[in-house]
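A.B. asks: Chains as they are written, first to last, in my numbering: chain R, 5 to 111; chain X, 58 to 178.
Derived by calculation from the structure, the hints in this document are not laboratory data. Note that the structure is a prediction, hence the values are computed from the model and not measured. Incorrect hints may have been included.
A partial selection of chain X residues facing chain R, derived with a Cβ cut-off under 7 angstroms [what the hints assert, rightly or not]:
hint : residue
1    : 106
2    : 120
3    : 153
4    : 161
5    : 162
20 angstroms max Cα-Cα, derived PhoX-like pairs, lysine-lysine [as the list claims (entries may be wrong)]:
hint : chain 1 : residue 1 : chain 2 : residue 2
6    : X       : 102       : R       : 107
7    : R       : 111       : R       : 49
8    : R       : 49        : X       : 116
9    : X       : 102       : R       : 49
10   : R       : 43        : R       : 111
11   : X       : 116       : X       : 130
12   : R       : 107       : R       : 49
13   : R       : 43        : X       : 102
14   : X       : 130       : R       : 43
15   : X       : 130       : X       : 70
Non-contacting residues of chain X with respect to chain R, defined by C-beta distances greater than 10 angstroms in every case (computed) [stated by the list, open to error]:
hint : residue
16   : 64
17   : 74
18   : 82
19   : 89
20   : 105
21   : 125
22   : 132
23   : 140
24   : 145
25   : 166
26   : 170
Where a beta carbon is used, it is the ideal one built from N, C-alpha and C, also for glycine.
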Amino acid sequence: DIQMTQSPSTLSASVGDRVTITCRASQSISHWLAWFQQKPGEAPKLLIYQASILESGVSSRFSGTRSGTEFTLTISSLQPDDFATYYCQHYNSFPWTFGQGTKVEIK
Amino acid sequence: QVTLKESGPVLVKPTETLTLTCTVSGFSLSNARMGVSWIRQPPGKAPEWLAHIFSTDQKAYHTSLQNRLTISKGTSESQVVLMMTNMDPVDTATYYCALTARGGYGPFDYWGQGTLVTVSS
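Using the sequences and the accompanying hints, generate a full structural model.
C.D. replies: Quick look at the structure:
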């Protein structure tokens, strides 16, 4: 199975900060990676797919990049609504797996 | 508008079989672009993908749980069913169904609200 290693597990930041979350795959997954945002009591929400394509309706302050098996999610200017937990998930081949999550907290 | 809703028991006893139903509205399960997965999330932990079914009825399962899982289309054309045998307290989680409308493979465009299943005697 492909392992997704996400870092950091927790991130403290202030409104307006630029925030970067990293996800590393244990083997090649090409660009078959999605990023989700989850708030307490809610289902995950798709932000980015195919590593860098912004889902319709998602703010352009979110962006994704890929370098080999390393993927990053960047929030250009953190807003109050962005404090949440973020997960990466590969869908290159079965079984699909999620990263362990990054909780973005208010500093 | 595409919506998904999970239904099933909120409490099951250890060793029992869990049966969950996902009812999909606004998208046909016979659409070739369709794929539906079941995903669970224990309290305070990351989501864990469990199983997936395509419009062709092809299926895929979590590696270590595959002997306990069965995913299928329900008797209704708008339903996907997950059965999980020999439930244990560690299986306590919120269970979600999620749909991808991009050729059957991820990402998950739509999610249900989730249903919390507790395993306890």
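A.B. asks: Hint by hint, say whether it matches the structure.
C.D. replies: Here is what the structure says about each hint:
{"no.": "1", "hint": "106", "result": "4 angstroms, holds"}
{"no.": "2", "hint": "120", "result": "5 angstroms, holds"}
{"no.": "3", "hint": "153", "result": "6 angstroms, holds"}
{"no.": "4", "hint": "161", "result": "10 angstroms, violated"}
{"no.": "5", "hint": "162", "result": "6 angstroms, holds"}
{"no.": "6", "hint": "102(X) / 107(R)", "result": "11 angstroms, holds"}
{"no.": "7", "hint": "111(R) / 49(R)", "result": "24 angstroms, violated"}
{"no.": "8", "hint": "49(R) / 116(X)", "result": "24 angstroms, violated"}
{"no.": "9", "hint": "102(X) / 49(R)", "result": "16 angstroms, holds"}
{"no.": "10", "hint": "43(R) / 111(R)", "result": "17 angstroms, holds"}
{"no.": "11", "hint": "116(X) / 130(X)", "result": "11 angstroms, holds"}
{"no.": "12", "hint": "107(R) / 49(R)", "result": "15 angstroms, holds"}
{"no.": "13", "hint": "43(R) / 102(X)", "result": "13 angstroms, holds"}
{"no.": "14", "hint": "130(X) / 43(R)", "result": "30 angstroms, violated"}
{"no.": "15", "hint": "130(X) / 70(X)", "result": "25 angstroms, violated"}
{"no.": "16", "hint": "64", "result": "15 angstroms, holds"}
{"no.": "17", "hint": "74", "result": "22 angstroms, holds"}
{"no.": "18", "hint": "82", "result": "16 angstroms, holds"}
{"no.": "19", "hint": "89", "result": "17 angstroms, holds"}
{"no.": "20", "hint": "105", "result": "7 angstroms, violated"}
{"no.": "21", "hint": "125", "result": "14 angstroms, holds"}
{"no.": "22", "hint": "132", "result": "26 angstroms, holds"}
{"no.": "23", "hint": "140", "result": "18 angstroms, holds"}
{"no.": "24", "hint": "145", "result": "20 angstroms, holds"}
{"no.": "25", "hint": "166", "result": "6 angstroms, violated"}
{"no.": "26", "hint": "170", "result": "6 angstroms, violated"}
In terms of the numbered hints stated before, the structure departs from hints 4, 7, 8, 14, 15, 20, 25 and 26, listed from lowest to highest.
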